[in-house]
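Chemist: Okay, here's what each chain looks like letter by letter:
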Amino acid sequence: MSLWVDKYRPRTLDDLHYHPDLSQRLKSLAATGDFPHMLFYGPSGAGKKTRIACTLRQLFGTGAEKIKIDQRVFMTPSKRKLDVNIVQSNYHIEITPSDVGIYDRVVIQEILKEIAQTQQVDLNAKQRFKVVIINEADSLTRDAQAALRRTMEKYMSNMRLILCANSTSKLIAPIKSRCLLMRVAAPDDEEMLAVLEHVAKKEKFHLPEEAATGIINDAQGNLRKALLVLEALKMQSPDLTSNITIAKPDWETYCSKVADMIVREQSPDKVLEVRAKLYELLAHCIPPTTILKTIAYCVAEKSDEAIRADIMHWAAIYEVRMRIGSKKIFHLEAWVVKVMSLTKHHYHGISLSDDE
Amino acid sequence: MFLKPQQKQSKEAAKHAIDPALQPWVEKYRPKTIDDVSSQEHTVTVLRKALTSTNLPHMLFYGPPGSGKTSTILALSRQLFGPENFRTRVLELNASDERGISIVREKIKNFARQTPRAAENDPNYPCPPYKIIILDEADSMTQDAQGALRRIMETYARITRFCLVCNYVTRIIEPLASRCSKFRFKPLDIESTRSRLNHIATEEKIDVTPEVIDTLIAVSDGDLRRAITYLQSAARLSNAGDLKVAITPREIQETAGVVPTATVRAFAASLGIDSEDPTDEMDVDEDDTAKVRATFRKAQQQRGFDDIKSQVKLIMRKGYSVAQLLYQLHDLVVQDSLITERQKSNIALILGQADKSLTDGGDEELQLLEVALKISQAMKDIS
Ligand SMILES: Nc1ncnc2c1ncn2[C@@H]1O[C@H](COP(=O)(O)OP(=O)(O)OP(=O)(O)O)[C@@H](O)[C@H]1O
Ligand SMILES: [Mg+2]
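Protein sequences appear in the order of chains F and U. Quick note on the UniProt record's numbering: the first sequence kicks off at 1 and runs consecutively. Quick note on the UniProt record's numbering: the second sequence kicks off at 1 and runs consecutively.
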C-alpha cells in the first residue's frame, strides 16, 4: 500500500490542483516539438517534481511512467569505478548530482553524450528528443555547470534538459540563459486545504477544521509534509479530534534544545557541550545550513527583541563563510560563540571575547 | 557487421532531416553568417576582412551570455571553409570535453601541427591555408592546461589559429590573453534586440505589440537568447487552445520571473519604505500631509522582528528569486524621493553586501532576512 502523498499524486497536468496558469503554460509548451530546456524552481514540497512528471506524461504519454532502475558504472578521470543507480523510462532519464558527489560533471556528460548519440528508436514516440532531468540542480558543482553550457546547445536536436532546484541563485548565468524558468510557488493555505480535503474525501473521512488548520500552519507551504502529517495523525487518532499534537521531527527538537543551552548559559564549558551536539546533528546528515538556520531562529525567539536582528545577522554571515570554507563545524561553532558573547553582553554588560 | 554502415547512414539522414519547426527558436535563428550577427559591429567589421584576406590572428571572444560569441565563430568558420572542409579544418572543444593538460598536449597539439590538406576547389569559400581550433568556454580550463597552450599557439601559428571563447575574461591567464586579439561582446543594445525580435516575430507570423517587445528588452537585460526564449514561450501560450489571445507584457514578466510590483511595494512598505506616498490617495491639505506621514512612519516603526520574519517567509514561499527581488527593491529605493540620501547610501551598502553573499552561495532566506532587518533599521535612523 502506498502513502497518500504517492497515491493521490496528480498524474496529468489537468489533475494538478493549484497554479492553473502554470499548468496551462506547460501544456501549451508540450504541445509542440520545440519544447525548450527548462528550470523549475521553488521551495521544497511545492510540487515541482509532480509537475515535471505530469509534463513528461503530457509530452510522451503513459510510457513515461514506466520506470526502471539501472545500475551503471562510470569511470572517473582518475580511473576509479563509480556505481550509480539511474532512474529511467524509454523517454527520459533522471540524475541526482548528490548521488555522485564531486564527479557530477563526468557522469552527467557521459549520460548526455550517450543520449545525444542515440536517436529515438521508438518510432511511435511522440517527440524526437529524450528528456534528462537533473534533480537538486542547485547542488551541481561549478565544473558540471560550466560543462553543461555548450552541451545544452549542441545536443538540442535529441535532448532536452529539465533542471529542478530550490532556488536559482546557485546556478551560473549562462545556464539560466539557456533555460525557460518556471517558478513553482508553494500553495497558499487555502490551496493546501483544498488538497487535504480532496484526499480526505477520497479516503472517505471527515477532516475537522481544527486539525486541518493545525496541519497547514505546521507545514508552512510544504504540501508533502502536510500530507504525510495528515496520514500519520489519521493513524494515531482516527477521528482527528481536537487534542491532537503534531510531533516535530527529532532533529528539530534537538536543535531547539541546543538553542536552550545557548540562551541559558554562556561559558566555555557550554560551548564544548554545544559542539558535541552539533557534531551529532552533522553526523545525522542534517544539512549544515538547516542546522544553523533552525537553531538561530530558536535562539532569536527565546531572546530579547533588541538582539534578535544581531543573532540573525551573524547567522547570515557565518552561513556564507561555511559555504566558502571547508570545515562546517568551525563556522557553526564560531556563530555559537558570537551569539553567546552577544547575549552575555546584552544581559550582563560583559563580553566573553573581544568583539571584532 | 553488414548492418552497421547502413544504420549509420540512416542516422545521418535522420539528423539532417530535423524539421526546423521542431527546433527551439534560439537554434533556428542562430546567425548563419557573420552579417546576421546583430549589434557587434566592431567585431563583424574586423572579421569581414578576414574573409577576403588569408590572414587571421589568434582571437579571444569574451562577453556575457547570449551576446553571440559562439554563433559568430561558428558562422565565420563555416563561411571560411564551407560544409565540406569544416570537419577537417575546424576543431571545436568546449567545457564538456576533457581538456586537462594531457589532452592539450595530445589531442590539441596533434591537430595543431597537421599541415592543412589542400582544399577541394570550391569557389564559394575562400578556404585559407590554416585550421581553426575553437576553445569554447575556455574560462573553465585549468591554469596548467592554459599554460600548456602557450607554446602550441606560437609554434604552429602559421598553420593553426586559435579562438578562445569565454564569459569571464579574467579567468584566462595573461600570457594567453596577450597572444590574442581581444573582442569584447557587448550585451545587445536596445535597437538591435528590437529589430532581431521583430524579424523573428514576422518570420513566425505572430502578433506582438511594441509594448511586448519593450518588455522583452527590459527583462532580458541584453541577453538575446533569453529574449528569444521568452518570446517563444509567450507565443506558444497565446496560441494554445482554439482561440488566439494576445501576448501581454505582464505575461512576459511572469515568464521572466519578475516579481509583481505590488509584491515588491508591500514588502518595501513593511520595511518602512512608504513608496506609495499615502497622501497621494487622500484628499488632505498641506498641514495634514506631515501629520499623515508621521503616523504612517510610526506604524512602520512598530514593526518588529516577528513581522519582518513573516514577510520574508511569505516571499520565500512564493519562490521568487531573491536576487531578482533585491534588484527591483533597489530600483524602487533609488526612485523614491521620500528616502534621504543618507538612507539611500546605507541601503545601497546593504544590498551590495547581500548580492556578494548570494554570489558566494549564501542561503537566500537568511540573506533576505538580513537585508530586511537592516533596511528597516536604516529607515528608522532619521537624520
Ligand atoms: N549578436 C547576436 N545576433 C544574433 N543573434 C544572437 C546574437 N547573440 C545571441 N543571439 C541569439 O542567441 C543565441 C545564443 O547565442 P550564442 O550561442 O552565440 O551566445 P554566446 O555569446 O555564445 O553565449 P554563452 O556565453 O552563453 O555561450 C543564438 O542562437 C541566437 O539565436
Ligand atoms: Mg557560447
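Simulated from the structure, these hints should not be mistaken for laboratory data. Glycine included, every Cβ here is placed at the ideal spot set by N, Cα and C. Some clues are possibly wrong.
With a Cα cut of at most 20 Å, we get these calculated EDC-like pairs of lysine to aspartate or glutamate [to be verified]: (1) LYS7(F) <-> GLU191(F); (2) LYS28(U) <-> GLU153(F); (3) LYS113(F) <-> GLU27(U).
Stretch by stretch, here's where chain F covers chain U in the computed footprint (C-beta under 8 Å, at least three residues) [unchecked claim]: (4) 61 to 71; (5) 131 to 142; (6) 188 to 196; (7) 232 to 238; (8) 259 to 273; (9) 315 to 323; (10) 341 to 347.
Under 8 Å between C-beta atoms, here's a sample of chain F residues computed to sit facing chain U [unchecked claim]: (11) GLU231; (12) ALA232; (13) LYS234.
Chemist: Of the numbered hints stated earlier in the document, which are not met by this structure?
Modeler: Numbers 6, 8, 10, 11, 12, 13 - these are the hints that the structure violates, sorted from lowest upward.
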